[in-house]
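Got chain A sorted already, so can you dock chain B onto it with the hints?
Quick mapping for you: the protein sequence lines, in order, are chains A and B.
Taking the numbering used here, the leading residue of the first sequence gets 1, the next gets one more, and so forth.
Taking the numbering used here, the leading residue of the second sequence gets 1, the next gets one more, and so forth.
Quick caveat, the hints were computed from the structure, so don't treat them as lab data.
No distinction is drawn between identical chains; accordingly, a pair holds when it is met within one copy or between any pair of copies.
Straight-line Cα separation of at most 25 Å, SDA-like style, residue types lysine to any residue; simulated pairs:
no. : residue 1 : residue 2
1   : K191      : D263
2   : K191      : D222
3   : K298      : S16
4   : K191      : L262
5   : K298      : A107
2 protein chains.
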Amino acid sequence: MDVTVSEVGPRDGLQSIKRTLPTEAKHRWIAALAQAGLREIEVGSFVSPKVLPQMADCAEVVGRARSIPGLRVIALVPNLRYATMAFEAGTHVITIPVSVSEPHSIANIRKNHAEIIAEVAAIVELRNERFPGIKVETSLSTAFGCTIQGVVPEADVLRMASAMAKAGSDAINLADTVGYANPAQVRRLFKRVRDEVGERTGGAHLHNTRGQGLANVVAALDAGVTTFDSSQGGIGGCPYAPGATGNIVTEDLVFLLESMGLDTGIDIDKLIAARAILAEALPGEALYGHVPAAGLPKGFTPAAAAGRAA
Amino acid sequence: MDVTVSEVGPRDGLQSIKRTLPTEAKHRWIAALAQAGLREIEVGSFVSPKVLPQMADCAEVVGRARSIPGLRVIALVPNLRYATMAFEAGTHVITIPVSVSEPHSIANIRKNHAEIIAEVAAIVELRNERFPGIKVETSLSTAFGCTIQGVVPEADVLRMASAMAKAGSDAINLADTVGYANPAQVRRLFKRVRDEVGERTGGAHLHNTRGQGLANVVAALDAGVTTFDSSQGGIGGCPYAPGATGNIVTEDLVFLLESMGLDTGIDIDKLIAARAILAEALPGEALYGHVPAAGLPKGFTPAAAAGRAA
Numbered sequence: 001m002d003v004t005v006s007e008v009g010p011r012d013g014l015q016s017i018k019r020t021l022p023t024e025a026k027h028r029w030i031a032a033l034a035q036a037g038l039r040e041i042e043v044g045s046f047v048s049p050k051v052l053p054q055m056a057d058c059a060e061v062v063g064r065a066r067s068i069p070g071l072r073v074i075a076l077v078p079n080l081r082y083a084t085m086a087f088e089a090g091t092h093v094i095t096i097p098v099s100v101s102e103p104h105s106i107a108n109i110r111k112n113h114a115e116i117i118a119e120v121a122a123i124v125e126l127r128n129e130r131f132p133g134i135k136v137e138t139s140l141s142t143a144f145g146c147t148i149q150g151v152v153p154e155a156d157v158l159r160m161a162s163a164m165a166k167a168g169s170d171a172i173n174l175a176d177t178v179g180y181a182n183p184a185q186v187r188r189l190f191k192r193v194r195d196e197v198g199e200r201t202g203g204a205h206l207h208n209t210r211g212q213g214l215a216n217v218v219a220a221l222d223a224g225v226t227t228f229d230s231s232q233g234g235i236g237g238c239p240y241a242p243g244a245t246g247n248i249v250t251e252d253l254v255f256l257l258e259s260m261g262l263d264t265g266i267d268i269d270k271l272i273a274a275r276a277i278l279a280e281a282l283p284g285e286a287l288y289g290h291v292p293a294a295g296l297p298k299g300f301t302p303a304a305a306a307g308r309a310a
Numbered sequence: 001m002d003v004t005v006s007e008v009g010p011r012d013g014l015q016s017i018k019r020t021l022p023t024e025a026k027h028r029w030i031a032a033l034a035q036a037g038l039r040e041i042e043v044g045s046f047v048s049p050k051v052l053p054q055m056a057d058c059a060e061v062v063g064r065a066r067s068i069p070g071l072r073v074i075a076l077v078p079n080l081r082y083a084t085m086a087f088e089a090g091t092h093v094i095t096i097p098v099s100v101s102e103p104h105s106i107a108n109i110r111k112n113h114a115e116i117i118a119e120v121a122a123i124v125e126l127r128n129e130r131f132p133g134i135k136v137e138t139s140l141s142t143a144f145g146c147t148i149q150g151v152v153p154e155a156d157v158l159r160m161a162s163a164m165a166k167a168g169s170d171a172i173n174l175a176d177t178v179g180y181a182n183p184a185q186v187r188r189l190f191k192r193v194r195d196e197v198g199e200r201t202g203g204a205h206l207h208n209t210r211g212q213g214l215a216n217v218v219a220a221l222d223a224g225v226t227t228f229d230s231s232q233g234g235i236g237g238c239p240y241a242p243g244a245t246g247n248i249v250t251e252d253l254v255f256l257l258e259s260m261g262l263d264t265g266i267d268i269d270k271l272i273a274a275r276a277i278l279a280e281a282l283p284g285e286a287l288y289g290h291v292p293a294a295g296l297p298k299g300f301t302p303a304a305a306a307g308r309a310a
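Just chain A, same shape as in the assembly (with noise of 0.2 Å):
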């Protein structure tokens, strides 16, 4: 595999949307996800149910993804007390969103970056001593812009990195969490980040807010980045960003991948049928995306649509 498309609509997605999903159609979606040759699925968030209700069955969700074979199973966390909650349930891979527009971080998790630096060295020595397989990442949100705050300095980007990799974060990933980013900035701010934090660079968490999703891919696979977030039916986005919809379309992504003969292990069709487990689960929610529109182009393969062939 060349690529990795990590699907994060049970969680980004479903926590979005007022209604609940049941268990069973998480289950039924995630599992269809998977058999469509998705190899990593961000299924819920450990927060508070008080908050997002539809996230209070997390740990029985990651429990029934674990049993599916070759799935990495991701979960969301904010803070100490559910990174436990979610090393106790078997996650494979937590994920800690942190801001690097520190208005965004206190309107989101209600901490300033020390308190989150410090959050995350706390995280990580508690999974060096009790759970020692677990891989930890943090997500630098607001890494391309803020709605609150505007620009985002690229130095604060570099500086938060460091403070990442300083505390023992396995992976850092930069996220577009607004939709503000642009090809010229995806290139060059990853390239400046591995310069920072080396191997622990990780991926791209890129909206379309503004349209610029598969664009800033292009850029992103450029810079050498090899895992994408991306939502099935684009369902979701940041509900703490005012405005903010839309995580790129996973149906999309995979085929502009697919397209340029990079391979994702991902089977379109199979992938557009999970999408109607989503769109019966969710009667009148809008799913986004144009290949499950206009289908898949006549005579399509990859590798002819690639011209490896011509």
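For chain B alone, coordinates are given in the frame of chain A:
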């Protein structure tokens, strides 16, 4: 100016819409686009008014557009007869669609390859004799794939590009008529065409049918392309290619380019204001675009977004 955005909405967009926009409304829209900084607009096509009654006023539209200072006025023509009309109307640039897929060429303009090559040569000859100031461009349709033929071999594109250069076409554009292109292909094919026809290599006409439009723009920029077709609100497509809809959206394209630090000469706020004219003139018609819906990022300036001062 680093990059030219060539607006095709008044031609490609309006000819795809059943209703005919009154000449006065066309002119108001074109003038507003020019006012926003667009320096190249494809204002119509010289074609049979029986087939496309929406374009019956093309000579008048060209005449009025010519009165706008600094605007390059482009019109599409399918053959020598209509090229003559376009030349006589004072069009600055004519563009001739030439399908690399022969079945598409026959469906679209009822000419096989030999016939269209001869037609282009005759048009260039007429231009050379009687209208020496006018630029003759050809646009290689289905260069990235075809809904009728399926895969279009790159060798066929290179052969047709070479034939167009030999026939005297001043610029040879590549068009993803049906939204099949991917960034790897775009990057490679533009480079190969440049190797074949050098400075006659023209711009990119990309569609967003499968959501890949702006991703393909990023790839084309890498390959040295400096002119991009798009339509305001994403109106239009190719009426003879079933299922093909969706020019890339001018508003989203300009945001992409400007945020990358490229100078388009276009004021995004004025561009979005021009959209209101279209919305008013075409009530009920779907207008696309993420940037008009989401707005510009907080604190957005092209320089800040591109991080040139970071």
